[in-house]
Amino acid sequence: MKARKRERRRYAKPGGETYVFWLFVAGNEPNSSQARGNLARLCEEHIKGRYKIDAVDVLKDAAAAHKNNVLVTPTLILIKPLPKVTVLGNLNDTRQVLAALRLTGDER
Amino acid sequence: MSNQKPPYRELETKMKAAEELIHALRTQQVDAIVGERHIMLVRLKQAEENLKSSRNQLRALAAYLLSARENERAVIARELHDEFGQALTSLHLGLSWISRKLTPGQQPLQEKITSLSATTTSLIRSVKNIASELRPGALDELGLVKTLKSEAREFAGHTGIQCRFKTNTAKAKFDRSAAIAIFRIVQAALTNVARHAHASRALIALIKRKNGLILTVMDNGKGITRKLIYSHDSLGITGMRERALALGGTFTLGGSRSKGTILTVQIPLSRVIIGTAP
Chain A
97 MKARKRERRR
107 YAKPGGETYV
117 FWLFVAGNEP
127 NSSQARGNLA
137 RLCEEHIKGR
147 YKIDAVDVLK
157 DAAAAHKNNV
167 LVTPTLILIK
177 PLPKVTVLGN
187 LNDTRQVLAA
197 LRLTGDER
Chain B
17 MSNQKPPYRE
27 LETKMKAAEE
37 LIHALRTQQV
47 DAIVGERHIM
57 LVRLKQAEEN
67 LKSSRNQLRA
77 LAAYLLSARE
87 NERAVIAREL
97 HDEFGQALTS
107 LHLGLSWISR
117 KLTPGQQPLQ
127 EKITSLSATT
137 TSLIRSVKNI
147 ASELRPGALD
157 ELGLVKTLKS
167 EAREFAGHTG
177 IQCRFKTNTA
187 KAKFDRSAAI
197 AIFRIVQAAL
207 TNVARHAHAS
217 RALIALIKRK
227 NGLILTVMDN
237 GKGITRKLIY
247 SHDSLGITGM
257 RERALALGGT
267 FTLGGSRSKG
277 TILTVQIPLS
287 RVIIGTAP
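The listed protein sequences correspond, in order, to chains A and B. Residue numbering for the first sequence follows our numbering, beginning at 97 and increasing consecutively. Residue numbering for the second sequence follows our numbering, beginning at 17 and increasing consecutively.
Accuracy of the hints is not assured; some may be wrong.
Stated by the list, open to error - Estimated spans, in silico, between C-beta atoms of each pair:
#1 A:Lys180 to B:Gly264: 38 to 46 Å
#2 A:Ile143 to B:Leu74: 45 to 53 Å
#3 B:Ile230 to A:Asp189: 36 to 44 Å
#4 B:Ala76 to A:Asn124: 30 to 38 Å
Stated by the list, open to error - The calculated lysine-lysine pairs, modelled on DSSO-like cross-linking and capped at a C-alpha distance of 30 Å, are:
#5 B:Lys32 to A:Lys148
#6 B:Lys117 to A:Lys156
#7 B:Lys128 to B:Lys117
What the hints contain is simulated information worked out from the structure, not anything from laboratory work. Every value quoted in this text rests on a predicted model; they were computed, and no experiment measured them. Glycine included, every Cβ here is placed at the ideal spot set by N, Cα and C.
Make a model of the complete structure from these sequences and hints.
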């Protein structure tokens with residue numbers, strides 16, 4: 097029973113809830129810019145109207161990075177829905193990013 | 017059992033995070049590393065591209081300089097041969113003419129003229145050698161293969177180091193600038209053999225294979241150290257490498273105390289062979 101619950105939570109369908117992302121970037125560095133663009137595109141394609149992205153520029157706000165244990169940029173943290181997920185890199189690999197963010201549930 | 021689960025999970029999560037971090041760094045997807053006090057921007061891609069571009073620029077410059085030097089050498093060789101050589105020949109003929117006009121009683125003058133004539137002959141020979149060194153006329157007249165054969169023979173004559181030349185390209189027609197480059201590489205390699213190798217035998221091989229033209233110069237001397245191969249002071253080696261790379265080829269140099277030194281240059285056939293001689 098417990099296992100089934102966990103499974104359901106892991107692959108929650110992207111319906112209803114609002115997705116909150118924190119994206120840690122370093123100014124307009126190439127990978128950071130790509131991550132911004134990729135995240136916006138993925139959200140528009142998969143959870144249109146149900147997402148919120150807070151971009152944190154670590155060059156301006158390093159304290160936020162330290163507080164969230166961000167070691168490198170770009171780092172994407174899915175804050176809501178729980179559980180939290182952290183994805184590193186420029187988010188170019190759409191398939192893997194969607195899987196990590198549990199957005200592939202209804203395609204399975 | 018239930019007490020062991022959380023630490024195990026934590027470790028698993030940390031391992032996964034570490035793997036992701038390594039992957040991001042390896043695939044150059046990282047822009048900045050967030051430290052305790054500083055944020056270090058990582059611009060690997062940019063730096064790599066800058067380095068590549070600088071290397072290409074340097075290579076192009078080296079190729080241009082090599083070609084400019086060859087042209088300059090050709091001009092100096094021609095001037096030396098035509099102007100200086102002609103003047104010396106006239107001087108030699110003039111001295112002979114004076115010598116014939118002298119009477120038996122003018123013995124001291126005769127001796128002086130004989131001595132001057134010998135000096136002039138030696139000068140004419142020197143000018144020819146310098147001109148030939150600057151611009152091997154044989155390369156244009158005889159072609160690369162015969163010039164290399166003659167170079168091997170001359171090298172053996174000058175140094176006493178037995179030098180053989182073998183090839184399977186006797187009938188090939190070479191691109192002019194490629195022929196000059198190959199000849200200069202062989203010249204530089206033989207100079208190194210004579211100066212540094214302490215060898216008793218050397219071999220030059222110019223072999224045509226499916227994957228390119230392969231030039232090998234090897235000796236049975238004391239070999240060469242890795243440090244010397246990559247030293248900035250080894251201008252001769254750098255020059256040979258640049259000539260090979262300018263032809264789109266590869267250059268390798270290696271050796272050991274027991275095996276001597278072996279230099280190999282591989283050049284794409286399309287860049288070097290332009291046909292078959294009749």
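To see whether the hints hold, each was checked on the structure:
{"no.": "1", "hint": "A:Lys180 to B:Gly264: 38 to 46 Å", "result": "violated, 53 Å"}
{"no.": "2", "hint": "A:Ile143 to B:Leu74: 45 to 53 Å", "result": "holds, 51 Å"}
{"no.": "3", "hint": "B:Ile230 to A:Asp189: 36 to 44 Å", "result": "holds, 43 Å"}
{"no.": "4", "hint": "B:Ala76 to A:Asn124: 30 to 38 Å", "result": "holds, 32 Å"}
{"no.": "5", "hint": "B:Lys32 to A:Lys148", "result": "holds, 26 Å"}
{"no.": "6", "hint": "B:Lys117 to A:Lys156", "result": "violated, 99 Å"}
{"no.": "7", "hint": "B:Lys128 to B:Lys117", "result": "holds, 14 Å"}
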